[in-house]
Every structure is written in C-alpha cells, then in structure tokens.
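Colleague: As you go down the protein sequences, you meet chains A and B in turn.
With the numbering used here applied, the first sequence corresponds to residues 1 to 333, in that order.
With the numbering used here applied, the second sequence corresponds to residues 334 to 666, in that order.
In short, the hints are calculated from the structure, not lab data.
Treat the hints with care, since some could be wrong.
Stated by the list, open to error - A few chain A residues that don't get close to chain B, going by computed Cβ distances all over 12 Å:
1. N267
2. D278
3. T288
4. K332
What the hints assert, rightly or not - For lysine-lysine, the following DSS-like pairs were computed, each having C-alpha atoms within a straight-line distance of at most 27 Å:
5. A:K298 x A:K144
6. B:K477 x B:K500
7. A:K259 x A:K169
8. A:K144 x A:K40
9. A:K259 x B:K477
10. A:K259 x B:K532
11. A:K259 x B:K440
12. B:K477 x A:K199
13. A:K208 x B:K541
As the list claims (entries may be wrong) - Computed from the model, here is a short list of chain A residues facing chain B with C-beta under 8 Å:
14. G11
15. R12
16. P13
17. V14
18. A256
19. L265
Computed from a prediction, not measured in an experiment: that's the story for all the values here.
Backbone N, C-alpha and C fix where the C-beta goes; we use that ideal spot for every residue, glycine too.
There are 2 protein chains.
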Amino acid sequence: MTTNRTVRLVGRPVGMVTREAFEIADEAAPEPGEGEFRVKIEYISLDPAMRGWMAEGKSYVAPVQLGDVMRAYGVGYVDVSNHADYAAGDAVVGMFGVQQYAISNGKGVVRADASLAPLESWVGGLGMPGWTAYFGLLDVGEAKEGDTVVISAASGAVGSIVGQIGKLKGCRVVGIAGSAEKCAYLRDELGFDAVIDYKSEDLYAALKTACPDGVDVYFENVGGEITDAVLSRMNTFGRVAVCGMIAYYNATEAPAGLKNVRSILVNRLKVRGFIVFDFAERIAEAMTALVGWQKEGKLQLRQDVREGGVDAYPEVLNLLYTGGNFGKLVLKV
Amino acid sequence: MTTNRTVRLVGRPVGMVTREAFEIADEAAPEPGEGEFRVKIEYISLDPAMRGWMAEGKSYVAPVQLGDVMRAYGVGYVDVSNHADYAAGDAVVGMFGVQQYAISNGKGVVRADASLAPLESWVGGLGMPGWTAYFGLLDVGEAKEGDTVVISAASGAVGSIVGQIGKLKGCRVVGIAGSAEKCAYLRDELGFDAVIDYKSEDLYAALKTACPDGVDVYFENVGGEITDAVLSRMNTFGRVAVCGMIAYYNATEAPAGLKNVRSILVNRLKVRGFIVFDFAERIAEAMTALVGWQKEGKLQLRQDVREGGVDAYPEVLNLLYTGGNFGKLVLKV
Numbered sequence: 001m002t003t004n005r006t007v008r009l010v011g012r013p014v015g016m017v018t019r020e021a022f023e024i025a026d027e028a029a030p031e032p033g034e035g036e037f038r039v040k041i042e043y044i045s046l047d048p049a050m051r052g053w054m055a056e057g058k059s060y061v062a063p064v065q066l067g068d069v070m071r072a073y074g075v076g077y078v079d080v081s082n083h084a085d086y087a088a089g090d091a092v093v094g095m096f097g098v099q100q101y102a103i104s105n106g107k108g109v110v111r112a113d114a115s116l117a118p119l120e121s122w123v124g125g126l127g128m129p130g131w132t133a134y135f136g137l138l139d140v141g142e143a144k145e146g147d148t149v150v151i152s153a154a155s156g157a158v159g160s161i162v163g164q165i166g167k168l169k170g171c172r173v174v175g176i177a178g179s180a181e182k183c184a185y186l187r188d189e190l191g192f193d194a195v196i197d198y199k200s201e202d203l204y205a206a207l208k209t210a211c212p213d214g215v216d217v218y219f220e221n222v223g224g225e226i227t228d229a230v231l232s233r234m235n236t237f238g239r240v241a242v243c244g245m246i247a248y249y250n251a252t253e254a255p256a257g258l259k260n261v262r263s264i265l266v267n268r269l270k271v272r273g274f275i276v277f278d279f280a281e282r283i284a285e286a287m288t289a290l291v292g293w294q295k296e297g298k299l300q301l302r303q304d305v306r307e308g309g310v311d312a313y314p315e316v317l318n319l320l321y322t323g324g325n326f327g328k329l330v331l332k333v
Numbered sequence: 334m335t336t337n338r339t340v341r342l343v344g345r346p347v348g349m350v351t352r353e354a355f356e357i358a359d360e361a362a363p364e365p366g367e368g369e370f371r372v373k374i375e376y377i378s379l380d381p382a383m384r385g386w387m388a389e390g391k392s393y394v395a396p397v398q399l400g401d402v403m404r405a406y407g408v409g410y411v412d413v414s415n416h417a418d419y420a421a422g423d424a425v426v427g428m429f430g431v432q433q434y435a436i437s438n439g440k441g442v443v444r445a446d447a448s449l450a451p452l453e454s455w456v457g458g459l460g461m462p463g464w465t466a467y468f469g470l471l472d473v474g475e476a477k478e479g480d481t482v483v484i485s486a487a488s489g490a491v492g493s494i495v496g497q498i499g500k501l502k503g504c505r506v507v508g509i510a511g512s513a514e515k516c517a518y519l520r521d522e523l524g525f526d527a528v529i530d531y532k533s534e535d536l537y538a539a540l541k542t543a544c545p546d547g548v549d550v551y552f553e554n555v556g557g558e559i560t561d562a563v564l565s566r567m568n569t570f571g572r573v574a575v576c577g578m579i580a581y582y583n584a585t586e587a588p589a590g591l592k593n594v595r596s597i598l599v600n601r602l603k604v605r606g607f608i609v610f611d612f613a614e615r616i617a618e619a620m621t622a623l624v625g626w627q628k629e630g631k632l633q634l635r636q637d638v639r640e641g642g643v644d645a646y647p648e649v650l651n652l653l654y655t656g657g658n659f660g661k662l663v664l665k666v
C-alpha cells in the first residue's frame with residue numbers, strides 16, 4: 001500500500017498562519033477510479049493567495065473546507081492511470097493540494113514538458129507567476145513602448161517577471177521592494193531603470209525622482225500606503241492592474257483606507273482586478289513567449305525551492321508574508 | 334456701447350464657495366475679431382466640477398486663473414459675427430463663462446437647435462449631463478439587459494438620466510439619494526426599481542435588500558462611505574464608472590479613506606474614471622438617442638432653472654453642494 005502524507009486544514013488562522021491550523025498525517029494513497037489518474041507530486045507552488053483560501057468569506061474561489069487537504073498547485077508525474085489521455089510518466093500541473101499523491105480527472109490540468117524547462121519551473125516562475133505577469137502587464141495594464149511602469153512587490157515571483165517583460169517592451173521600469181538587497185537585485189541583475197526601498201525611503205519623494213514623466217502603468221501587488229503614493233503620480237489615462245493586495249491578506253484589523261482615489265477620476269484611470277484564470281484560454285500564448293524569452297537569455301527567473309516535504313508547509317508559507325523568500329517560492333515534496 | 338456683467342474669480346475658496354471669491358462688475362462687452370463671433374448668453378450650466386476649477390492643483394483641466402471670468406458652459410445666440418460659419422441669431426453651446434457676452438472662435442462650440450428642444454435644455458439635462466449619463470452607463474459601465482445598476486447622487490442631473498437609460502435597457506435600477514422627497518421622485522416618477530435614502534437608512538442593509546443579486550454596475554458620483562458600501566456588494570466582473578466624487582470637492586481635510594478596495598481584486602472589477610469630453614467625437618450619437626427617448630416620453634428631464642442673473646452665481650452654485658437643487662441646475666442670465 002502506498003502511503004500519502006497529507007496536510008489538512010483544521011482551523012482558520014487569525015493573523016499569521018500557524019502549525020495548529022493543520023493536521024499533518026500519513027494516510028493510504030487513494031486509487032484512481034474510471035477516467036481518473038493518480039499523480040505523484042514532486043513540487044508544490046506556495047502562493048500569497050493561499051492565505052485567502054484559508055479564510056471564510058468571499059474571495060476568488062471558495063475557501064478550503066475544514067478537514068480538507070490544503071489547496072495548492074503542484075507538478076508531478078502520473079503514477080497510475082485509468083484515463084485515456086494520460087499515461088504513467090506524463091508530467092502534469094494542477095491543483096493537486098499539499099500532499100504526496102492526488103487523484104485527478106484531468107480537469108484544469110496543464111501538461112508540463114520537462115524538456116522545455118525543469119519540472120520545478122512549471123510551478124515556478126514560468127508557471128502561474130509568468131502567466132500572471134504576462135497578461136497583467138500587457139492586457140490589463142496595456143503597457144506599450146515608452147510607458148513608465150511601476151511595480152510593487154517587485155522582487156516577488158510575479159513582479160520580477162513583470163519588470164523584465166516591461167524592459168523587453170521598451171518601458172521605463174521602476175520597482176518597489178522592501179530591502180536594499182532586493183533593490184540591488186532588481187537594478188543590477190534584472191535591469192530595472194529605478195528601484196525604491198519602501199522601508200528606508202520616502203515613497204512620495206522617491207516616486208517623483210524615479211518617475212519624472214509620471215506613471216502610465218501601475219502593477220499592483222500590495223495595496224495600502226504604497227498604492228496611495230503611486231496613485232498620486234499617475235498620468236492621464238493611466239492603468240492600474242490589480243494583481244494582489246498582500247497588505248490586506250493577514251490584516252486582523254481594517255487597514256487604513258485608500259486616500260488618493262480621486263486620482264481615478266481626475267486622471268481617468270482604468271483600475272482593473274484580474275486573476276490569471278481569466279485568461280485561461282491563452283496560457284499557451286504566454287508560455288510560448290516566456291519560454292522563448294528565457295531561451296534568449298532575456299528573462300531571468302529566481303526560484304526559492306525549499307526542502308522539507310509537506311511537513312514544512314506552514315513555516316515555508318509564512319516566508320511569503322514576512323518577506324523572507326526571494327523569488328517564486330516552491331516546496332519540494 | 335454694450336455692457337457686459339462679468340463674474341471674475343479673485344480668490345480661491347476654502348470649503349464652501351463664498352461671494353468674496355468673486356468680483357462681479359459691469360464692463361464693456363468685447364468686440365469679435367476676424368474669425369470670431371460674439372454670443373449673448375441666455376443660460377449658464379452650473380456643475381459640480383466648477384468647485385475643482387476654482388482650486389489650484391491638477392484636475393481634468395487647468396484651474397481658472399485669478400482675475401479671469403469664471404469658467405462655465407452656456408447657451409445663447411450669436412450677436413455679432415466675423416466668422417464664416419456662424420451668423421447672428423445662430424444658437425450655440427460652449428464654454429462661454431459666467432457673464433452676459435462672450436467671444437468665441439468656434440472651437441469647442443456645439444450648435445443648439447431650439448426647434449428640437451428649448452434653449453435651456455441644451456445646458457440642461459440633454460446637454461453634458463445627458464451625454465455623460467449615456468457614455469458613462471453604456472460605454473464605461475458596459476450596462477446590459479438584466480444587470481443591476483446602482484447610482485449615487487441618483488436624483489442629480491446625471492444620475493436621473495443614468496437611471497432612466499438603465500430602465501430603457503432592461504436593467505434593475507437602484508438609486509441612492511439624500512432625502513425622502515428625492516427618493517419618491519426617483520421611484521414614483523422615474524420608475525427606479527428601488528431607492529435608498531442614505532441620510533436615514535443603513536446603507537449596507539439597504540443595499541442588500543435592494544440588490545438581491547448583487548451589483549453589476551456602479552455609477553459613481555459621490556465617493557467616500559457610499560462607495561465603500563457599494564463595493565461590498567459588487568458582483569464578479571462588475572464595473573464602476575467613476576463620473577464624480579462630490580464628497581471630496583469641498584473637503585478641507587482629507588476624507589476617510591476607501592476601505593473596501595479589495596473588492597476590486599476579489600471581484601475582478603473594472604473601475605474607470607471618465608469625463609464626457611473623452612467621448613467628444615460621439616456627442617451626436619448621444620444627442621440623437623436622448624432626443625429620441627425624450628420625444629417618445631421615455632426620458633424625463635428635471636431642470637432647476639434659477640433666476641437672478643450672473644449676480645446670483647455664488648449662492649446658486651452652492652445649492653449643488655448642499656443638496657438644495659433638484660435636477661440639473663441652470664442659471665438664467
């Protein structure tokens with residue numbers, strides 16, 4: 001019998017995620033039924049949205065129910081198959097959960113191609129963060145040559161790709177991040193035109209210096225005070241692509257309200273929230289472009305792959321909210 | 334010699350508009366040069382945006398300079414013309430200012446047709462408010478049959494037309510206004526499906542009752558707490574057409590920030606600021622539709638035409654910010 005180590009949500013954390021919210025145990029691995037296959041999971045994607053999935057209340061998707069295996073994207077190999085389209089050994093990406101083995105009927109599953117990029121990259125930068133960056137900047141943000149693009153959480157999995165695509169498209173790219181080390185990485189390794197360390201600089205003054213011609217596109221990952229500051233510098237007909245609002249995810253009390261909303265009116269901004277699944281039918285387009293840029297050496301991906309298996313899930317996840325990770329966070333199963 | 338009574342901005346009001354901000358005096362009416370004509374102004378449009386024009390700082394358009402005639406839309410008849418395309422007696426709409434006579438070179442001027450609608454209507458509901466409602470609801474708000482549309486400042490010049498166009502298009506229309514009288518007017522005379530008196534009702538509870546299927550389009554005229562309440566009820570892929578934010582116009586201290594901005598992300602909203610001039614090339618389309626609906630008796634326009642000439646400008650203008658007007662505010666010169 002195959003053993004499946006699982007991480008089940010058994011409580012709804014208040015504030016930071018704690019180990020007590022989960023039950024981590026060995027179970028018998030389930031067998032696939034007719035039209036199903038079983039996946040042996042190799043890598044799990046850790047994403048800021050997970051915090052929202054643990055909470056009750058309306059978000060993109062329904063919350064994880066208490067007692068269920070914690071929801072997570074993962075990549076692995078088909079292990080046993082009763083599905084006509086999948087054979088043992090096929091590499092697949094899907095919402096497989098924080099566990100070692102998952103059953104799937106193929107719905108929502110994307111084929112990974114390990115000859116194109118190593119397996120962990122499919123839940124790393126080339127996967128959801130890459131697709132999110134691609135559609136968020138080019139479709140939602142309508143970025144075009146000559147635009148000034150400002151990115152918050154710029155050294156994160158999504159932000160670092162947004163900036164590089166911006167450079168590829170001829171934009172002036174300005175990154176906001178939370179340490180001198182992250183800022184140096186964006187400027188020196190990824191070629192950002194300007195960087196702002198929001199923890200040590202005055203945001204309003206720094207934005208004025210970094211964006212002498214104002215801001216055409218703001219790629220929003222954070223919310224709160226950083227958003228207020230960027231709104232004050234937006235150009236007429238600017239776009240705000242709202243990809244994330246990390247500032248609110250772990251907040252136990254209402255954060256300070258957004259003050260510069262009048263900018264939306266005065267500057268006739270387009271502010272639009274999106275998630276990558278809104279562009280599900282165009283994933284192949286994004287993947288082709290991203291892999292192409294990576295092969296040409298124009299797109300660097302920084303991945304932070306952590307060991308420890310599913311048992312390390314709560315602690316590794318918290319790195320996302322404390323700024324402790326550096327690049328797309330992946331957990332090796 | 335023709336006398337021209339003018340209202341010049343000589344101070345920048347703080348808070349409400351006061352008479353001291355203006356110099357009101359008789360001057361010699363200017364004579365048109367080559368390629369110009371003179372307009373005898375009959376009616377002046379009083380609009381919430383005027384408060385912004387008096388303030389320094391970035392808005393849609395440059396502020397009115399101290400010493401200049403206060404900016405205003407008006408309608409009147411050509412009086413003397415040295416312009417090939419305009420003859421004495423032609424009815425015209427344009428940015429003619431708060432005065433009795435204005436000089437124009439025809440730029441930005443729209444011809445009025447008094448046989449289609451009475452002259453005051455061209456600076457009344459059929460004019461800018463009508464065009465704003467039309468493009469704001471149908472283009473920016475992307476309203477379609479079956480949508481629930483919520484309108485703040487719903488009994489105002491723009492809001493009352495938005496609601497009626499919404500009904501014409503098969504939407505469920507919910508109006509928010511600030512008195513029982515205004516609410517009764519919207520419900521009983523304009524056929525709104527539901528109304529909310531924000532001064533006497535709990536907004537969150539009232540919105541829940543009035544919008545059982547959530548909100549697809551929010552036509553924003555107000556900002557502040559009302560916006561927060563509506564954001565909490567928005568449906569996935571909802572649209573917010575940001576037409577005005579009256580709450581901020583006279584504010585001397587920073588208003589409370591917007592708290593429910595996460596709704597933009599969670600519900601993947603499109604929030605877009607606009608002004609009617611963004612659709613300048615399509616005014617004829619809007620005017621044709623509006624006049625057509627009015628002739629069919631499907632569009633009621635409430636105008637509040639005030640007497641008193643240009644001398645009454647400061648007091649009449651303040652009715653906009655105290656809720657003292659009822660329908661599109663027009664000043665008879």
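Colleague: Among all the numbered hints in the text so far, which are the ones the structure does not match?
Modeller: 1, 2, 7, 8, 9, 11, 12, 13, 14, 15, 16, 17
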